[in-house]
Amino acid sequence: MKLELLPWLILFLPLLAAGGITLFTLRYRTVSALLSIGAIVTGFVLSLVFINANGWQPSSAESIANWLTIGGLHVDFGLKLDALSLMMLLIVTGVGGAIHIYSFGYMHADRSFSRFFAFMSLFTFSMLGIVLANNFIELFIFWELVGVSSYLLIGFWFEKPSAGDAAKKAFIVNRLGDFGFLLGILMVWGLLGSLNFTVLQNKLTADPAVLGGMATVAALLLFCGAVGKSAQFPLHVWLPDAMEGPTPVSALIHAATMVAAGVYMLCRILFLLNADALHVIAWIGGFTALLAALIAVQQNDIKRILAYSTLSQLGYMVMSVGLAGPTPAMFHLTTHAFFKALLFLGAGSVIHAMHDEQDIWKMGRLQKKMPVTFWTFLIGTLALSGVPPFSGFYSKDSILGQALSQGNYALFILGAAVAGLTAFYMFRLFYVAFLGKPKTQAAEHVHESPAVMAWPLRVLAVFAVIGGVIGVSQTYASQFSPGEARESFGQSLVEPLTHSPAGVLVGLAFIAAGFFAARALYRDAASDPLPEKLGGLATAMKHKFYFDELYEATFIRAHDFIAAVMDWIDRWLVEGLCIGLVRGGTDLSGRALRLVQTGNLQTYAFLFVLGVAVVMYFVLGK
Amino acid sequence: MSILTYIFGWPIVAALALVLVPRNYRVIIRAIAVLATLISAALAVKMFCAYGSAPMDADGYRFVQQIPWVESLGISYHVGVDGLNVGLILMGAIVAFAAACCSWEIKEREKEFYILLLVMSGGILGAFASLDLFFFYFLHELALVPTFIMIGVWGRGERKNYATFQITLYLSLGALIALIGLLALYVQSGANTFDIPRLTEYIRRHPLSVHAQNLIFPLLLFGFGILVSLWPFHSWAPLGYGSAPSPTSMLHAGVLKKFGLYGLIRIALPLLPQGAQGWMQILAWLCLGNILYIGWVAMRQKDLNLLIGNSSVAHMGFIFLGIASLNLIGVTGAEFIMVAHGFLAALSFALSGYIYQKTGTLQISELGGLCRQLRFIGTVLLMAAMAGCGLPGFANFVGEVTVFFGAWTVFPLVTGLALWGALIIGAVYMTRAIRNVLHGPLPDKWAGLADASNLWRKLPYALLLASLFVFGCFPRLLTDKITPDAEKIVAMARGETVAMGSTRLRRVQLGVPPNWIDTRETKVDPINPAASRPLTVSGATPETTRGTRVLHDNSAVALANNTILNQ
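These protein sequence lines are chains B and G, in that order.
Residue numbers are given in the numbering used here: position 468 of the first sequence equals residue 507, and the series is strictly consecutive.
Residue numbers are given in the numbering used here: position 105 of the second sequence equals residue 686, and the series is strictly consecutive.
Isolated chain G (complex conformation) (with noise of 0.2 Å):
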């Protein structure tokens, strides 16, 4: 059996293991949880490790298990990793592990909620490996269904119901619009078949008619775009993930949301490549949405669940600009940013959680000057702050840098505009909320205020902190892996246009400079041709040196580059 079906079947078999365990075993509940998603993250940590030297099947799946299931329809049981879910598996389990150790929170129908967290983490996991379209939106539903009851039961605050009817709305709606937009698509294929390679495969040779493409595209970019709350489909997500119990956001802002990104990555962009075309230039312009307008609403918001919920909105428009950008670059920074964003958004609200926990309230009127009572906590959230305005170290940044880069080749005025909005408007809203929340001075009513005292609680924060240290600091680990899948999809979703030649959108692929300087091409100097070589070979050139290199002299690099670009 493949590692990923123990990667996400651990959960599932906790979960209805603890069906079974009466409901005063406290203890035995938790630890069957904790114990669960720790030895699903522990795997998932193997599967990472173990990615390289893994064999590929013929598609360039790994870990790859199929079980024929309902053969009319073509659907099967297949999982498999490649780079565009291998780093979304393992962000995850380790989510899912750090939200179930954050689940000590929760002090009623304990039982309950275990079950619910085990299902939704397995599901999301599953749907993550799955590479059958059935299974893949199954397991997602499955993931997704507790989540309302779980706002809806052990929910916090005023607007608690309303939020869950709101959330239940609008992500039903979405599922809803996605899944007639996966059923047209099997249906026009005429590939009979759910599983993804085939159907990847069979539509690379026998592309649906662009009338098709064009019809289908939007349904899935909305259905995926309202899962993962593209501006205007965006308002569940705050006031949702502010009414949640922590461990439910967690996983939720974390790692179900990526669900429907993963779907426009894995499935729309490759499948309905000139129906996504079109939609691009658009969805760059949404993704402003999420970026400025929701990051001036972050602004404006007087409750830290409220303001975390609205900065993980915002973040979602860097994911967004990078697919929007078609280029390898741009998506493999939103593959990147897709990653770092789930332990960040995770992290986030734990912290969130672990304040709300003490004090009761979440208003940030009421804290202030919890850095000195809370010094683990304070500095970890600090750090939070810090990884959300996209600070280097942390992965974020790596994401964001390079979508910026990617998308600048093919829109550098969105790009400028989303720049002010990840270095302005998300460094105002972040040190703000730090120095009302845990700058100045101390309020009387805190001082009795409890740190994370001993290791095990602190264990989920460093887990997550750290996760983003080791992304930020050591990008390869996930752009290695990624890169060469993403340059499938981008070549599939650019496919005709490259085939057809065109050198403009052949660079803007490779993340090349843009058209508007174009114009110095035609300049060659008469008496040395080679100085004028086009200045479109000039970006193209990947630097060819990896690992450790000295250079010796300046000349020598000079003349190795000129080698290069004459060729």
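So here's chain B without its partners, still in its complex pose (with noise of 0.2 Å):
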């Protein structure tokens, strides 16, 4: 293997531009924010440089230092090279860069501006090593990084409550997933005695029911994990509230990097999930696809909506990992972080103008003051939305056709009518914020972003517009179907129709059904005209379902009660108790021994000669 020493560099570079700006530029605002930016562009060349020297399989897959040996216990800290974990380094490296790029632009009023870049610069790290850990061990531990990193990011804004409470909960939600991650790697070392990677591919494929009994259950404690990062229902409740952070987070945590590592992580394993596991996971995908495009739709929080958006196409990743489509998956976990990068990014534009006015229906008709913003927004919604020959519409439908071609047309149909809704709340959100009649005063008078933020967008449109057909699915394919032909960039244009033309039809029919719903229902509507048509159902989704409240009476009101009851025992059993009896012994032998004390010369001189009498007889007795 070439340049074996690159990965590490990319890997360790965000890190030190972390520290390096801890340490030393905190008060150099333009020094941290280069540091940071340099560090992940830089890193996004070398992967480049690794690629072109290596190819996207590289002669030797792994590159291993001992970290921990105890006993039976092997922790390597070491990295894994494949097409899986190259393409995602690009992505990282890559959408990240972008976005680093932009935050330049759109938090550099802020007076933490050099904290945020160290943040980032962690953040970026933590993702780096989840993507290259060849181990269980190490993969958590990057895993944990980004929990803290998130919850640091979130928090950004922390003297505003409700960013310190966003970042606690999005804190604890993932620490109830890691619970089964790290308890089924737990199970899984404890079955098979490796952590390795490869080592544990080897073995099961050298004996398939290793496993046994336990196969399931472990396979789904480490959907856990996933269920915690990608925030999948029911712990799909952290995502929504992490928007609390500034808009650059939230298109990092939802397009290129967090909620991304819970499918790569479930890729990575993919050979520990057996047939019960995968059906669990392709319906709890299903249903939190389902689940947060019924939420979308009754948002008016440009970036909520947003959010629950990346919950329901996370739901299409997982889906199609249950569905045992890992190639699709990642296809769309790399076209997804692409449109919804540029999304995010397109939004953060816009709130940028609009002063921190995040409400749709106050926005309106920007697309002559912020041109950039408004034609790349455009392009992110058709791409999310599925409509062809957009990136978004490749991916979509490479799931639809998996759940077809696996039979599953339960999975299918629901697919395709969450298909129709994305594009429903998609253009509602459009047709609301930027057409039709400016809503308020400060929509008038909007600005476009500056160049250092319009840029990243014109980037991201291009890949939104062309991910599907520069051969993203093929190079997965080579990881989890090798053997099969690659494509030319032609039969990459068609390869929908080629491959199951019905289930295109289905899909766009959907996809059409929604657009003119929403062209309908929101082209000139001043206010939402669907809680009058929905009643109740409206209401329902407006407050998601009421998840929150639901883990605020049970989960939470739970763990208070039992601390509670502790804290009373604790207070005056356990403590009085102890201290009672402990106490009261030494005052009852206190008193005792008193009696014995008279004073009196002949009890002292009877218990004297006792005593002796009694060390004789034990002495000479025996």
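Keep in mind that the hints were calculated from the coordinates and are not lab data.
You can take every hint at face value.
Label-pair ranges, simulated between beta-carbon atoms: (1) B:Ser628 <-> G:Ala765: 14 to 22 Å; (2) B:Thr578 <-> G:Arg1057: 56 to 64 Å; (3) G:Lys688 <-> B:Phe584: 55 to 63 Å.
Even glycine gets a Cβ: it sits at the ideal position worked out from N, Cα and C.
Reassemble the complex: the two chains are provided individually, in unrelated frames, and hints are given to aid placement.
And the structure:
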């Protein structure tokens, strides 16, 4: 393998940047930003160099240093280099790099500018670690680091109570998933005696039944980790709240990094997931996709709509993994990274121009004043809705095709319906926020964002258009189903039609229905007409089906209640009892001994003689 | 003279020297204390770095020094280190230095305070270095008594007197029970020596009767257990730490408390193996009391110091779980947490001490938004809280995860529950504390708070934090030292059963998967018997490769694995 040190450099550059900023350059804003941006952009370039030199499947797949060895526990710090991780490397550094550059403009007025870039670099480092990890503990280490760096970024404006709360919530909900994940790791290690992915895979290939009856349990426990990170039902509640962070953070978390980690992890450990587990995973994904799409229909905050759309798209990806289709899942993850980053950054551009206004019903008619934002956002919307020939069309269609080829018609219809809903809520957003009449004074006086924010939008827009036909899917396929012939550009352009025309047509019909419904309802609307038509359902959607309230009433209450009981016991029983016993005991023996200390010389003499007699008995008598 | 003698000797000598210094020479008093602990810490770092290359004596100890003292009783001055105490001495010396630095908050009767602090530091470092039961115990008591006085005289809060009363009563009781146990051990062994290596060697050849072991082990377990705040004997700890001046909390929670655990591992496990084995199941469940129950109690605390105190008690649970698992991975993990928690507890109490010093309160509801005003202290407190809920990168994570791996092979259910405590409950109370102390709007009354401004003030915090980072990122610095000696302890603690050749116990000792999958072992593939190798072996196979290596081909790895497995 050539240039063996490059992946290490790519991984550690952002950490160096984060450390350098924290220790030395907090006062020099521009230097800090350039360090952070430089680290990630260099990472992107080096990734390209490395792939150019070694191809997508380097001759030696792992590069390892021992981190910890205690008896049978052996943990390496190693890098796994294959098509899956190298492609993710490009996405994380590429899309992440665009977001970093954009942040330079977006965050420029913030007083903690340097701190922001330190956190961003820490986040990038953690995410790259997940991508490159070659064993479970290393993966878990970076998994936790992503959790904490997202905690720091979501709570970046920590003085806002809502930001502090959102950060806390994200951290704890993620920890709930990690609980299952670590348990799963322990179980796999207990059964197979190794943590290294390659070794595990070889063991399972040699003897597929080696996990025995625990296979499904272990797989589902590991899946818990993905449920937390990728915000799948029932742990989806943290993601929308994470919108409290600055908008570039939302773009970073939602597009290329954190939430993608769960799907990536599932693809990485696919060999451990058996059929039963996959079935559960597919349905959880499908259900999340539907649930989130329904909630998105009735949100009014531009970032929250996008947040729920992320949830919904992640549901697609997880569903695809569950349908034994890692290639479509990773394909959709990639195109989604392009257009979701684009949409979030576009939303950020709007929010920036509107002076931190996020309600879409206070915007309107932005195309003249913000042409770059307008057109790029439109491209993002089309791509997300799955309109051909934008990238989202190809990846979404490959997932629907996967459902068909697996013969799972229920999930196929569900997926197609969610595609229709997606088109509906995205065009609702687009019509209300960008077209129609300006709904407030502020919307009439907006300005286009500066070039440092506009150029990342343009670049991402290009990829949102062409992302479906530049061979992403084939690269993943080379990993998951080696041996398939590579398609030419022309073939990949019409691939969906040749592959499963029926699926394409059904999907497109739903999308068209969603688009026309949104057009009819929202083209000239000044307020939302839907609540009147849907009644209670709309209220439930608006309140996110009351999941927050439900968890508040059950999980949180239960823990607080137990804590209160334990505290009471501790305060009154354990402390009282133990102290009481010891004190009482000492007191009692003191009183008892006092009786002996009579002051009477005869008693002392008697006791003395008695003592001597006892000692004599023991010494001489035996 | 052994470097160990200097490490704990300097603080003691400095304490004696301070007696002669007039009390109004404050700067000199303080300088002597800081300097003595600094020398001791520097020597400890030197000792730690030279550990690998230092010559070993026949018993496996390094830097040994022995001077006979009371020969009729078999007492001698005997110091030395092996993997079990090398980390503790390093940690103790660094914490002692940090505590001396943080003592600027003491404004009255400084001379007495520094004398006591130095006696405490020297005593506990000496106790860890001692290889003679008499000095081991005596030096611990020497360190313990100043704790009571310091809380009583320099303590804070309304419940100070009650806390002093409680901690004195409890710890004296614990120490007394442990003393009875140690004396019984001495008498019963018949070896007529207080020397730990001699005693160990003697008992290895002439084990105590099972009856005697069963009587003595509980004395040591609960005697030492009380000193470590084993549930349900924990209630002295949070209140005691909450009321103590922060240097005292730092030294006690960080260093002195580890004495009981060290005693359990060094003395109780290897010398009373059969007594120990019966108690491990119970200990595993008791440790859940620390982890879950105290975790919940911590969620309810309204005072930052009580919260830190409770979380410190909760962390002891992981150490007990590692000990209870009685295998190499678990015991090594327990040793690792002992060191990691020492740094963390000292850091946490130092930080809360700073906040108390500046604000005059530790009521969580009174604080808020401090991260804006106290940028350095706030950031370090945030990191300490994260280390406390087991974030990778900090040493605690390594120890905890190791303990989980060790315990999983023996007590899967307890491990699962402990995991809940580590990942969920810990995260809940720590993030709540951060939210309420550091995040949120800054109340107007704290707008004038001053951060730790100069390098001197930042030093103790930075030092402790750096230690957590170093061992968190490069755990082999410590584990490679611990493992060989932990292996000896575990082998002795399980010695009998290994000799009997029970595969199950053998596997448990190596930290290999438990029994409930063994049924598969009997299946034999008629065509290719090699493919149906016993599962037991597969787990026992340690990865043979170390250092940097490159796997060139997956099939080659598979082949290599099979070769190992079939041996």
